[in-house]
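Asks: What follows is the residue order along each chain.
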Amino acid sequence: MSHMDKKVAQWMERIKDYPGLEEDEQYMFARSLAATPDQRWEWMQKTLHSLDLHTRSSRRKYGFKS
Amino acid sequence: MGAAALQGVPVVTLDTDIWVNLNSRQYMRVMNLCLQDGATMLSKTVVELKDGHLVNFLYEVHGINGFAYEYGRAEKIKWLGLEIRVLPLRRILKSKQFILRDKDLAHIHLLEKTLGLQNQKKPANKRKKR
Chain A
19 MSHMDKKVAQ WMERIKDYPG LEEDEQYMFA RSLAATPDQR WEWMQKTLHS LDLHTRSSRR
79 KYGFKS
Chain B
522 MGAAALQGVP VVTLDTDIWV NLNSRQYMRV MNLCLQDGAT MLSKTVVELK DGHLVNFLYE
582 VHGINGFAYE YGRAEKIKWL GLEIRVLPLR RILKSKQFIL RDKDLAHIHL LEKTLGLQNQ
642 KKPANKRKKR
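Line by line, the protein sequences give chains A and B. According to the numbering used here, the first sequence is numbered sequentially starting from 19. According to the numbering used here, the second sequence is numbered sequentially starting from 522.
Isolated chain A, as found in the complex (with noise of 0.2 Å):
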């Protein structure tokens, strides 16, 4: 187990019994809540161009204005 793994491991136990929390949001949380800050921008990065949404002309193709 990553010491990552580990960390968002914690964070489970930690919020688990969070009211109003879906499985799956649990997850979401305890992985970002685990995450360095550069760990987090990183992602954020990765998720932009999964989508296809980094730059301002590939957002225009899908009506974003900016």
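Honestly, I wouldn't trust all of these hints.
[What the hints assert, rightly or not] Each computed DSS-like pair below joins lysine-lysine, with the alpha-carbon atoms no more than 30 Å apart: (1) Lys643(B) with Lys34(A); (2) Lys599(B) with Lys642(B); (3) Lys599(B) with Lys24(A); (4) Lys83(A) with Lys64(A); (5) Lys79(A) with Lys615(B).
Since the hints were derived computationally from the structure, they do not count as laboratory data. All values reported here derive from a predicted model rather than from experimental measurement.
Since the structure of chain A is provided, determine the placement of chain B on it from the hints.
Replies: This is chain B only, laid out in the frame that chain A set:
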């Protein structure tokens, strides 16, 4: 919401807001620095950096105190090898609750949830029985 994302809010944002301690009439001072670095000016406050990233410069932030007050209480975080200051999640939330645009409603929900989760107590350490 860039600052919120860096502090653990699971959100993706298309641009990064940077609060500048200048009067908005002095926006060209900021723009000239960006232009010197190869950025493209899209409006008085928005530039597209060479890598395609959008940056929006703010000269005031509604719903919270002034720059000096907030800067002194900002969170220091390490990001891409730099130490930067970001508005704490509570202050971002306060500003969004004040502005309350349609898009802020979703952000408010995520900010409140993240703050709530951060306040959850850590489970007690399990000690091995001897």
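Asks: Now, for every hint given, state plainly whether the structure supports it.
Replies: Here is what the structure says about each hint:
1. Lys643(B) with Lys34(A): Status holds; Cα separation ~11 Å.
2. Lys599(B) with Lys642(B): Cα-Cα ~25 Å, so holds.
3. Lys599(B) with Lys24(A): Holds - the C-alpha atoms of lysine 24(A) and lysine 599(B) are around 22 Å apart, at most 30 Å.
4. Lys83(A) with Lys64(A): Judged against 30 Å, a Cα distance of about 21 Å means the pair holds.
5. Lys79(A) with Lys615(B): violated, 34 Å
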